[in-house]
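Chains as they are written, first to last, in the numbering used here: chain A, 1 to 345; chain B, 1 to 345; chain C, 1 to 345.
Treat the hints with care, as some may be off.
Given that identical chains are not distinguished, each listed pair holds provided it fits within a single copy or across any two copies.
To be verified - The calculated BS3-like cross-link candidates involving lysine-lysine, where the alpha carbons are at most 27 angstroms apart (straight line), are:
hint : residue 1 : residue 2
1    : K137      : K167
2    : K45       : K29
3    : K99       : K137
4    : K302      : K317
5    : K317      : K338
6    : K167      : K263
7    : K54       : K35
8    : K317      : K330
9    : K69       : K45
10   : K300      : K45
11   : K29       : K2
12   : K93       : K2
13   : K263      : K302
14   : K69       : K93
FYI, nobody ran anything at the bench for these hints, they're computed from the structure.
The model shown is predicted, which means the values in this text are computed figures rather than measured ones.
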Amino acid sequence: MKFTINQIASLLDGRVEGNGNEEIYTLGKIQEAEKGSITFLANLKYEEHVYSTKATAVIVSSDFEPRKKLNTALIRVKDPYSSFTVLLEEYHKIISFIKDGVENPSFIGTECSVGEKIYRGAFSYIGNHVSIGNNVKIYPNVYIGDHVEIGDNTIIYAGAKVYENCKIGKRCVVHAGAVIGSDGFGFAPQEDGSYKTIPQLGNVILEDDVSIGANTTIDCATLGSTIIRKGTKLDNLIQIAHNVEIGSNTVIAAQSGISGSTKVGNNCVFAGQVGIAGHLEIGDDVKLGAQAGVMRSIEKGKTEIGSPSQERMEYFKGLVVIRKLPELRKRIEQLEEKVLNLPAN
Amino acid sequence: MKFTINQIASLLDGRVEGNGNEEIYTLGKIQEAEKGSITFLANLKYEEHVYSTKATAVIVSSDFEPRKKLNTALIRVKDPYSSFTVLLEEYHKIISFIKDGVENPSFIGTECSVGEKIYRGAFSYIGNHVSIGNNVKIYPNVYIGDHVEIGDNTIIYAGAKVYENCKIGKRCVVHAGAVIGSDGFGFAPQEDGSYKTIPQLGNVILEDDVSIGANTTIDCATLGSTIIRKGTKLDNLIQIAHNVEIGSNTVIAAQSGISGSTKVGNNCVFAGQVGIAGHLEIGDDVKLGAQAGVMRSIEKGKTEIGSPSQERMEYFKGLVVIRKLPELRKRIEQLEEKVLNLPAN
Amino acid sequence: MKFTINQIASLLDGRVEGNGNEEIYTLGKIQEAEKGSITFLANLKYEEHVYSTKATAVIVSSDFEPRKKLNTALIRVKDPYSSFTVLLEEYHKIISFIKDGVENPSFIGTECSVGEKIYRGAFSYIGNHVSIGNNVKIYPNVYIGDHVEIGDNTIIYAGAKVYENCKIGKRCVVHAGAVIGSDGFGFAPQEDGSYKTIPQLGNVILEDDVSIGANTTIDCATLGSTIIRKGTKLDNLIQIAHNVEIGSNTVIAAQSGISGSTKVGNNCVFAGQVGIAGHLEIGDDVKLGAQAGVMRSIEKGKTEIGSPSQERMEYFKGLVVIRKLPELRKRIEQLEEKVLNLPAN
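Just chain A, same shape as in the assembly:
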């Protein structure tokens, strides 16, 4: 890209301080940005970098007051981070590698309906009776089973696998290696100690605007559907078991796992490596700290942490006492010494 500082300021509805005619070619982090790049200062913790950065321009808050001399132009905006995100998006549009058309060899079964402007990468596989919307990107080595539906503008990255009957909404992103619709883990114990496989006949539904991370696995329902609702974002290496339902706009970090038939509400935020047992209800707006182990249902709005998880404040209070245990033991010993030396009464 090539824009002047003035042009960028105008895009961001910002005010320029310094030479607005200088040219910007790229974006960078404030510590690493080189001449010709633009960066931002959102958190004053990083203020020192604004005085030493080599960036040609820095997006700052409209009320930022420099305490030292600056070697860079400023663009003052209301919210520097949001403005920078706008630039990221514009830049992304310019540099992104637009994939289009059909690469060969690729495989498509019978009775499929395929929209316009789609990309089908080499060695991608599409089964029978598959329905694919407009502007869908199917990267190389992707597997799409029979009777799958994929909505407009969805991207399925390299080597992801979607089992038969699953439904994926519009504007979804499924990252490389993710598996959608593998069999739920259901086995009935037999009298001789062996297990009989319980057929898994359901599917997975991803509603619109859902994002699924790399190598994440989502099992199909035994009957009915495992459901991830609109706008929910799952990170990498997450396990979603059969018949789980996750609400709208919930965000789950990497390596978390949710056991069978558990329902998670809307607008939840779970940190990494969280585990949730099966058949629970987690209300809306629940927050879970990293490595939380959830063994019972949680009401709307709570924040829990620990394994087994407890309410956040209790967890930290408990932690403080636990860390003081060696001291408490000493105090008990001192009491015992004193009390045992008392004259019998």
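Model the placement of chains B and C on the given structure of chain A, informed by the hints.
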């Protein structure tokens, strides 16, 4: 499918109450079942649903006594859940997408022996000197290395990878993206702080009736074999390190990991996100709670939980006291106040 | 292979006891080795096996003193384990399945530069503007995005995926199903509760001699690079988030996860299932126990364990007191009984 209630009852050796001539087309969950479907009631916790379900028939226990009026026919059987599983299996046979034959392009090396009625999906890769039994299904984008053996009736789902020399038994299921036989994690520290790779020459053996979940990884042995014995079921995203041996009919839930050279017995049940250190022996019939961290060997029949894991009853006793710690601290303070105010003796 | 004991001893600079003319065909573990194989005894814990092994030769320490009669020849060396590793390497060279040339069909885009003696497996995909060094092995079903660079002698195993712009050094190993360069997990919350995707424009850099385990995922940076430095080894199913930097010769065991923007030093050793929060600094030579949960930065050379993690000695001291809690509670009760019975003063 299309059967009358009487036909289904006869298949299940059950007794009909209501109109046995009504027709059943599908299976459903009791809360969601529509007219024309059959469902079941195994756990009386869900009894309320039997009075409101729209299902045309419900499989119930032979001693079930309705407390309200029913709008559905009943099929009374000894074990409703088992009977429903039988139906699931029958239904699965009817609707399952039978894959057969060879899709093109696919790749097969030299000196392979391939059984009858197999499916080789497009873009599946089979190396040299591979032996494949009858009725094996190799889905698209699967990779099978040189000298691999696969027994009759085994299914390898899309994009699974099997490294050279591994042996897979009969009636196994390997789900999408699973990796069988990747190098064990073995590196010898050198004097300069760098690591030298220790060649991993062994393989992985999956005995008959083993099931491997999506994106699970099983490393080959350094020498000899990493072994998963007959009937054992592994869920998704599990890590099995080099030279591990897992006994028969053991069930391990998602995201658990077992470190190098550990031996696990028969008929064990591990919940999700369990970790087991290396070079341990876990006896038969051991149960582990979710997120357990096992740092020493465990004897036959024990149930452990926690990290580091301890016997289940001790864990819960300990947990109760830990949760009372703030109270205990207060009691110590009260004692101190009282004792320190005592006259010197 | 086929060598005499004398020939092997000469390779290892060792001294033979027994018939040096006997022939060796393979390598084995001391408990399982058959006639015609060679094994080693490094840890005297396994000494008993040296008297019962069926191996034709055992590599032992130069100062090993047998306490019973031996049925096997010995090769005495300074360090039996290192010597055996040398043999493993030689054996690996002999038996390894050298892959070479281009299998068809495979896909390669435009304006690529490809070195000599490379292997491109069937159904492997290489995008546009890709640079590949000499002696690189690209296994079947691998995906290499546009503008990727791969150094000499690197191996990318089956079904691994490398997103656009990533750089992989020399002598790296990327195991099956690993994903390099997937989008960082970045979403900006909007006022209506939904999330807007923050474009991820950076890449991943693997320096020379890096090893990446099966199904491990490494996200690209938002801007700049996620970096894994020279000689670092990652096990299976690990999550490395956007903008993480890991130093040189650091070893991380399976299922660990490192959150965004955290920096890890050189020569660290992390056990399995470790989690590290974002924006932290972990110094050189830090060791972390299995399942550690790291919530703040750690100084050079420390060993931590637990969740939240603490210094190793403190952790174990604390654990001892926690396990004694039921007893401490009883002692408090006894004190209370005694003290409450005291005459008022």
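Outcome of the hint check:
Both within a single protomer and between protomers do K137 and K167 lie at most 27 angstroms apart by alpha-carbon distance, with minima of 16 angstroms and 24 angstroms respectively. For the identical chains of this complex, K45 and K29 are intra-copy neighbours only, at 14 angstroms inside a copy versus 54 angstroms across copies, given an alpha-carbon limit of 27 angstroms. In this assembly of identical chains, the alpha carbons of K99 and K137 lie at most 27 angstroms apart whether taken from the same copy (7 angstroms) or from different copies (26 angstroms). For the homomeric pair K302 and K317, the shortest alpha-carbon distances inside one copy (16 angstroms) and between copies (26 angstroms) are both at most 27 angstroms.
In the homo-oligomer, the alpha carbons of K317 and K338 lie at most 27 angstroms apart only across protomers (25 angstroms), although the nearest pairing inside one protomer, at 29 angstroms, exceeds that limit. In this assembly of identical chains, K167 and K263 lie within 27 angstroms of each other by CA distance solely inside one copy; the values are 19 angstroms within and 39 angstroms between copies. Only within a single protomer do K54 and K35 lie at most 27 angstroms apart by alpha-carbon distance; the minimum there is 5 angstroms, versus 69 angstroms between protomers. In the homo-oligomer, the alpha carbons of K317 and K330 lie at most 27 angstroms apart both inside one protomer (20 angstroms) and across protomers (13 angstroms), since each shortest distance falls under that limit.
Proximity of K69 to K45 under the C-alpha cut-off of 27 angstroms is restricted to the intra-copy arrangement: shortest distance 18 angstroms within a copy versus 68 angstroms between copies. Taking the closest pair of Cα atoms, K300 and K45 come within 27 angstroms of each other only across two copies (24 angstroms); inside a single copy the shortest separation is 33 angstroms, beyond that limit. Taking the shortest alpha-carbon separations for K29 and K2, only the intra-copy value of 18 angstroms comes in at or below 27 angstroms, while the best inter-copy value is 59 angstroms. Proximity of K93 and K2 under a CA criterion of 27 angstroms is satisfied intra-copy only: 14 angstroms inside one chain copy versus 52 angstroms between copies.
When the C-alpha separation of K263 and K302 is checked against a cutoff of 27 angstroms, the pair qualifies only within one copy, where the shortest distance is 15 angstroms, while the shortest distance between copies is 31 angstroms. Taking the shortest Cα distances, K69 and K93 never come within 27 angstroms of each other, neither inside one copy (35 angstroms) nor across copies (62 angstroms).
Comparing the model with each numbered hint stated earlier shows that hint 14 is the single one that does not hold.
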